[in-house]
Amino acid sequence: MKIPEIKLTMLGATGSGKTTLMHGMYAMLASGVHGYHLFTQDPDDHLDLMEAWGTLLQHGELPPPTPEKPTSYEMVFNYGLEALLHLDFVDFRGGAGTESGRKAGAHEDIGMLRARLAESNSIYLVLDGRHVGDWVKNGCPPMQAVGPMSIAVIGRAILDLFQRSRDEGRPRPSLVVIITKSDVLAETSGLSRQDAMRMMIKNMRDLVPFAYYDGVTAMICPVQLGEFGLDAGTAVDRSKVKPIFVHKPLIFSLMHYLTEQIAFDQQNLEGLRAGQAQARKELEELNTGFRRHFRGDRIRRKSGEIDFADDEISGLRKDLGTAQQRAAQLMGELDRLPIIRDGEEVK
13 MKIPEIKLTM
23 LGATGSGKTT
33 LMHGMYAMLA
43 SGVHGYHLFT
53 QDPDDHLDLM
63 EAWGTLLQHG
73 ELPPPTPEKP
83 TSYEMVFNYG
93 LEALLHLDFV
103 DFRGGAGTES
113 GRKAGAHEDI
123 GMLRARLAES
133 NSIYLVLDGR
143 HVGDWVKNGC
153 PPMQAVGPMS
163 IAVIGRAILD
173 LFQRSRDEGR
183 PRPSLVVIIT
193 KSDVLAETSG
203 LSRQDAMRMM
213 IKNMRDLVPF
223 AYYDGVTAMI
233 CPVQLGEFGL
243 DAGTAVDRSK
253 VKPIFVHKPL
263 IFSLMHYLTE
273 QIAFDQQNLE
283 GLRAGQAQAR
293 KELEELNTGF
303 RRHFRGDRIR
313 RKSGEIDFAD
323 DEISGLRKDL
333 GTAQQRAAQL
343 MGELDRLPII
353 RDGEEVK
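Numbering (this note's numbering), first residue to last: 13 to 359.
These are computed hints drawn from the structure, not numbers from a lab.
The beta-carbon is built from N, C-alpha and C at its ideal position, and this holds for glycine as well.
Be aware that one or more of the hints could be misleading.
[Claimed, not checked] So the derived label-pair ranges between C-beta atoms look like this:
| # | residue 1 | residue 2 | range |
| --- | --- | --- | --- |
| 1 | E120 | Q206 | 27 to 33 Å |
| 2 | Q337 | G245 | 42 to 48 Å |
| 3 | A289 | S84 | 36 to 42 Å |
| 4 | R126 | Q337 | 24 to 30 Å |
| 5 | K149 | E239 | 27 to 33 Å |
| 6 | G241 | P160 | 17 to 23 Å |
| 7 | A116 | A340 | 52 to 58 Å |
| 8 | D60 | R168 | 19 to 25 Å |
| 9 | E239 | Q337 | 36 to 42 Å |
| 10 | A247 | G355 | 38 to 44 Å |
[Unchecked claim] Calculated pairs, SDA-like style, for lysine to any residue (alpha carbon to alpha carbon, straight line, at most 20 Å):
| # | residue 1 | residue 2 |
| --- | --- | --- |
| 11 | K330 | A340 |
| 12 | K81 | A130 |
| 13 | K252 | Q70 |
When you get a sec, could you build the whole thing from the sequences and use the hints?
The structure is reproduced here in structure tokens:
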């Protein structure tokens, strides 16, 4: 089976924790989680990422924010020794998705982000858990046009991507709504962590309505790097580093890609079978009657078409079986997180 490539783009307001999340995700998967591993293609990128994670573990220093020039990585996602996915990952600074490109002195990365979104297979919308906790405390009101999480502003670009994919007949991208710093949900909401989490998930449709639109497949994923509390700045208590769920978004991205590919391959398989059935019918007609002795070339060509279709069907069935097995395995890794497809939670 051909190894798929996913173009993944991470979006979020300034200070939402995108860059730190990416470092945590990489560090966990580079160490291995239930047999899954993630490595950069460039060994120097691997060393840089692990060095930054080591600085957090040893000195409590968080990675610096993404600069104006987007940070990009080419990665390979493995299960054991088997490569499952080639990952083209780009992290933009928070302002790239919330600033106008028309203003004087507009940053170059604004246009780069818009171009990147047009070709992305998976989008991570990163929300700051501090602001999500405040939203829960205020009774979970509908999404505001303007707010610290910039959901409405960023959401417009995400909707453009989904609409374009639908109009062009391409497999639909996936969306992961990631709530960072979930350790502070209780403190900011005034509820227990369990109740705050339940309230957040129950009302997420009001905060991020486009995650529930028809044609959208999304996962809601609270994550944390540690029990740092509200006072965390650029430095934290290294003894409280405790990553939770930071690798789950990538699991979902692959699972969704495989699910979409399965549907696409099943359509192709039906088309191949229909074409082969028609070819068999035509071959039978060519072999009928006295004139069959004068149709040798046409009969051989038609027989070749049938044999070629046999090979194509066999290969596609094998790929389908592999993809279905992998998708089921990956889905088992996500059984504690809500997945929404066409507005309904997948059970």
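Q. Which of the stated hints cannot be reconciled with the structure, identified by number in ascending sequence?
A. Result: hints 1, 3, 4, 5, 8 break, sorted rising.
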